Amino acid sequence: MDAITADDHRTDNTLLRLAVAGDEAAFVELYRRRHGPLYRFALHMSGSAAVAEEVTQEVFMALIRKPGAFDPQRGPLAGFLYGVARNHVLRCLERERRFVGLEDNPAEATVMGDLTRSETIGAVRQAVLSLPADYREVVVLCDLQELPYAEAAGVLGVPVGTVRSRLSRGRALLEDKLRARSERCLT
Amino acid sequence: MSDINLDETLRALRESAATETPSASLESELLGEFRRHHRQKGRRRVWIGIGIGVAASLLIAIALQPERPPVAIKTPPPVPVITAPPPLPPAVAAATTPAPRRRVMRKPQVRPQPAQQARREVGTDFIPIPYAPDFRAEDSAAIVRVKLPRYSLQTVGLPFNPERANERIDADVLMGQDGIARAIRFVH
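Read top to bottom, the protein sequences are chains A and B.
This note's numbering puts the first residue of the first sequence at 1, with every later residue one more than the last.
This note's numbering puts the first residue of the second sequence at 1, with every later residue one more than the last.
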């Protein structure tokens with residue numbers, strides 16, 4: 001669970017304050033605490049380990065160079081970091097056009113009637129990647145990163161109601177894609 | 001898989017990715033960047049500290065300078081006022097209007113180069129700042145160019161025009177290794 005708790009919030013802010021003052025250990029602790037969820041968010045969004053690594057690096061570079069960009073009044077640090085990561089991911093996707101849809105990737109199709117676990121994971125990963133960005137980011141934040149709706153709304157800068165509706169639509173699209181794939185495999 | 005259990009498939013994807021992390025080298029790269037950034041920040045702080053030290057020692061030196069009577073500046077004698085002649089009648093004015101002059105080509109003005117400007121700079125000798133620590137010939141020093149209000153001329157006993165007291169004048173400050181000003185000269 002990568003959700004942002006109140007305790008994390010306080011501790012993150014303390015660590016950031018120490019890091020800004022030059023405390024190396026505080027920076028390392030903050031990095032170790034937050035790099036995994038950010039990396040996985042970027043990975044699910046882009047489908048590329050290289051992009052995910054680049055995004056993670058950019059997020060922490062931004063934190064080193066411009067820590068003042070984070071305003072604790074506007075929400076927890078983790079939400080801010082997700083927001084920075086999201087901007088970088090969208091920029092990378094725009095640059096690299098790495099969208100890969102199920103239809104564009106016939107090599108993924110299986111001749112077996114049912115999918116094994118690894119194939120299921122591969123299929124759902126591809127299905128998530130083929131979602132439009134607006135739906136993909138709510139599915140990744142809420143379903144894969146398990147952020148509460150309110151925090152996802154803070155990251156995306158939209159009302160909670162929008163998160164709910166996008167998530168509902170995104171999940172419906174996912175189901176359609178997976179069902180279509182399953183039917184293709186059966187025929 | 002015609003009956004899709006979306007929660008189950010998403011959970012499987014989530015679990016499969018749970019151990020995914022960036023390469024270990026990223027942490028050391030970021031740590032290197034963190035150290036570089038803070039070294040640079042430290043250097044900036046040192047220079048700001050030096051600047052503040054210079055300014056503070058100058059202000060202290062100026063404040064501790066015993067007051068001297070202001071030097072009277074000789075002002076030039078008043079220029080006699082010449083009243084304008086009464087306007088001429090139009091006919092006379094037309095007759096006395098000079099013929100249009102031929103245009104004369106002017107020589108293009110050559111702006112002095114920075115090197116020439118530097119050569120034209122004149123200044124006082126270095127004047128020791130009162131109460132500053134002794135400066136020995138073997139000490140290393142730096143000269144810092146600053147701008148000071150003209151009234152600071154009087155603090156080292158130089159005349160100044162009270163009407164231009166707040167205008168700025170260039171000064172070279174001789175700084176010791178310890179960042180304390182030892183001597184000053186004014187340049188123009």
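For the record, the hints were derived by calculation from the structure and aren't laboratory data.
Incorrect hints may appear among the rest.
[Stated by the list, open to error] Here are the simulated lysine to aspartate or glutamate pairs, DMTMM-like style, with alpha carbons at most 25 Å apart:
1. K41(B) <-> E24(A)
2. K41(B) <-> E20(B)
3. K66(A) <-> E29(B)
4. K147(B) <-> E163(B)
5. K147(B) <-> D172(B)
6. K66(A) <-> E119(A)
7. K66(A) <-> E27(B)
8. K147(B) <-> D170(B)
9. K41(B) <-> E29(A)
10. K147(B) <-> E121(B)
11. K41(B) <-> E58(A)
12. K41(B) <-> D71(A)
13. K66(A) <-> E33(B)
14. K66(A) <-> E24(A)
15. K147(B) <-> D178(B)
16. K41(B) <-> D23(A)
[Said to hold, decoys possible] Pairwise CB distance ranges, derived in the manner of DEER restraints:
17. E96(A) <-> E20(B): 17 to 23 Å
18. T14(A) <-> D170(B): 47 to 53 Å
19. E24(A) <-> G123(B): 47 to 53 Å
Just so you know, these numbers come straight off a predicted model, no measurement behind them.
Where a beta carbon is used, it is the ideal one built from N, C-alpha and C, also for glycine.
Each hint, compared with the structure:
1. Simply put, K41(B) and E24(A) have alpha-carbon atoms about 14 Å apart, close enough for the 25 Å limit, and the pair holds.
2. Taken as a hint, the K41(B) and E20(B) pair is broken in the structure, with Cα atoms around 34 Å apart against an allowance of 25 Å.
3. The hinted pair formed by K66(A) and E29(B) meets the criterion: a straight-line CA distance of about 17 Å does not exceed 25 Å.
4. Among the hinted pairs, K147(B) with E163(B) is consistent with the structure: their alpha-carbon atoms are about 18 Å apart, no more than 25 Å.
5. Distance hint between K147(B) and D172(B) is fulfilled; the C-alpha atoms sit about 9 Å from each other, no more than 25 Å.
6. At roughly 42 Å between alpha-carbon atoms, K66(A) and E119(A) are farther apart than 25 Å, so this suggested pair is violated.
7. At roughly 18 Å between alpha-carbon atoms, K66(A) and E27(B) fall within 25 Å of each other, so this suggested pair holds.
8. Restraint check for K147(B) and D170(B): satisfied, since their Cα atoms lie roughly 5 Å apart, inside the 25 Å limit.
9. The straight-line distance between the Cα atoms of K41(B) and E29(A) is roughly 21 Å, inside the 25 Å bound, and the hint therefore holds.
10. Between K147(B) and E121(B), the direct Cα distance comes to roughly 15 Å. Compliance with the 25 Å bound is thereby established for this hinted pair.
11. Note on K41(B) and E58(A): the hinted pairing holds, with a Cα-Cα distance of about 20 Å set against a maximum of 25 Å.
12. Taking the CA atoms of K41(B) and D71(A), the gap is about 21 Å. The hint holds against a cut of 25 Å.
13. Between K66(A) and E33(B), the direct Cα distance comes to roughly 13 Å. Compliance with the 25 Å bound is thereby established for this hinted pair.
14. Restraint check: the Cα-Cα separation between K66(A) and E24(A) comes to about 16 Å, which is no more than 25 Å; the hinted pair holds.
15. The suggested pairing of K147(B) with D178(B) holds, with an alpha-carbon distance near 21 Å, which does not exceed 25 Å.
16. Under the criterion of a C-alpha separation no larger than 25 Å, the hint pairing K41(B) with D23(A) is consistent with the structure, at around 13 Å.
17. The hinted range of 17 to 23 Å is satisfied by E96(A) and E20(B), whose Cβ atoms lie roughly 19 Å apart.
18. A beta carbon spacing of about 49 Å between T14(A) and D170(B) agrees with the range 47 to 53 Å that was offered as a hint.
19. At roughly 49 Å, the beta carbons of E24(A) and G123(B) sit within the given window of 47 to 53 Å.
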